[in-house]
Each structure stands twice: as C-alpha cells, then as structure tokens.
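Enquirer: This is what each chain is made of:
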Amino acid sequence: DQQVKQNSPSLSVQEGRISILNCDYTNSMFDYFLWYKKYPAEGPTFLISISSIKDKSEDGRFTVFLNKSAKHLSLHIVPSQPGDSAVYFCAAIPNTGNQFYFGTGTSLTVIP
Amino acid sequence: KAGVTQTPRYLIKTRGQQVTLSCSPISGHRSVSWYQQTPGQGLQFLFEYFSETQRNKGNFPGRFSGRQFSNSRSEMNVSTLELGDSALYLCASSLAQSEETQYFGPGTRLLVL
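Respectively, the protein sequence lines represent chains A and B. Anchor point for the first sequence: position 11 equals 11 in the numbering used here, and the numbering is continuous, going up by one each time. Anchor point for the second sequence: position 5 equals 1005 in the numbering used here, and the numbering is continuous, going up by one each time.
The hints are simulated quantities; they were obtained by calculation from the structure and are not laboratory data.
Below 30 Å or equal to it, Euclidean Cα-Cα: the simulated DSS-like pairs (lysine-lysine) are: (1) Lys71(A) - Lys5(A); (2) Lys68(A) - Lys56(A); (3) Lys37(A) - Lys54(A); (4) Lys1057(B) - Lys68(A); (5) Lys1057(B) - Lys71(A); (6) Lys5(A) - Lys1057(B); (7) Lys37(A) - Lys1057(B); (8) Lys37(A) - Lys56(A); (9) Lys71(A) - Lys37(A); (10) Lys54(A) - Lys5(A); (11) Lys5(A) - Lys56(A); (12) Lys71(A) - Lys56(A).
Cβ pair distances, simulated, as ranges: (13) Gln1017(B) - His72(A): 39 to 45 Å; (14) Gly83(A) - Gly1062(B): 40 to 46 Å; (15) Glu42(A) - Gln1017(B): 25 to 31 Å; (16) Gly1084(B) - Glu42(A): 20 to 26 Å.
From a predicted model like this one, the values you see are computed outputs, not experimental measurements. Every residue, glycine too, gets a C-beta built ideally from N, C-alpha and C.
All chains should be modelled from the sequences, with the hints used to inform the complete structure.
Expert: Laid out in structure tokens, this is it:
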C-alpha cells in the first residue's frame, strides 16, 4: 500500500517558468517530509525538507508547501532551469522516526 | 569527504541464484539503509542497520537479508533470485539511526534473467 503518492509520473515546463511537483500522503503519523532529486545513473540527493509544524520551507529557488489538513505537499521551483531536469522523489517520516516512505517519483523536464 | 559507494554497479544473474551487494557509507556515518527502486514503485525500504544491528525492516520476504560490519560497511544478500527482483538497489547512509537526511550511493542495477 503506497502511503506516499506522486500521481504525476512526468512534467514538462518551459525554462524560466514555475515547476510544481505534487505529493499526497495517507498516514497522519508522518511529521517530516523531504524532497530528493535523482539524475540518471546517480543516487537521489537531498533537496529540501519541511517539518509538520511549518507550512512552508524555502531554499533559494526551491519552496515546499505543506497542507496538513489535505495531507498534501508541493515543491515549487522558480525559475525552472534545464539543469533541474531530473526525477523528484517525495519522502515522509512518521513521528516514530523509524523509516522513510518514498513516493514513486515525478520526472521533470525543463525545456530550454 | 568521499560519498557513499556501492559495488558492483551492474550485475546480471539468473533465476534461483543468489547475490550479494556491498555498500560503504560516508566516513563517520553509522547508519546504513537499503532501498529497492523499480518503475512504478518508487523507493521501497528494505532495512536499516545501525551499529551492526538491524533496526528497522520493510515489507520484503526473508530472501532479502543484510548485515553491517564493525566499520559500518553493509552488505545485502538476496537468495533464490526471481525475475521480479530486477531493480536498482540503493544504499543510503546517515550519521545516526533514522536521521532525517540520508546520503545515497549511485546504486547497483541488478538484472535477473
């Protein structure tokens, strides 16, 4: 049973525009969320995280929004750059802190 | 500081065989987690080792096992391979058990024929 879902397997965005990647979760025990970025032939790299006590976290061009009531989070990339083209994974950790739960990933293509 | 390394990078096996994958964490990291990545399934958690002990285990059959050595290096073993075991196996390390930020290795791509 997939507790973290990324319903869009792929997304294409024009360079300079905003990329919005979505993630939904079902487990109300999740209290920490992370986004990872993965290039082909490389392992995922940590991008940005957010605790459930916040509703927004920013790091440069990357912003995560968390809507706890909707069990939804989104990653915004502004402005999008061709180097952002990668697979993005959303991950969640329950408050028991015992394991990561990952989504299935969204492949982002930024068109120059 | 060197990153997480995994060996081998690619592997081809046949059904019924067994395989051992190796992971060397970042120096000083004591926690190692293993994941299986398949198309459409994302990253599925296999297990986590900390101080040579398995601390957490995902929902995988007993054919999947692992261990961690005193230098924090970890191995994962899959016995009686099945076609469905073909996947990218990723290892991630962190300083402490269940720490929020993990650092991933490049993965071992296993193909079972």
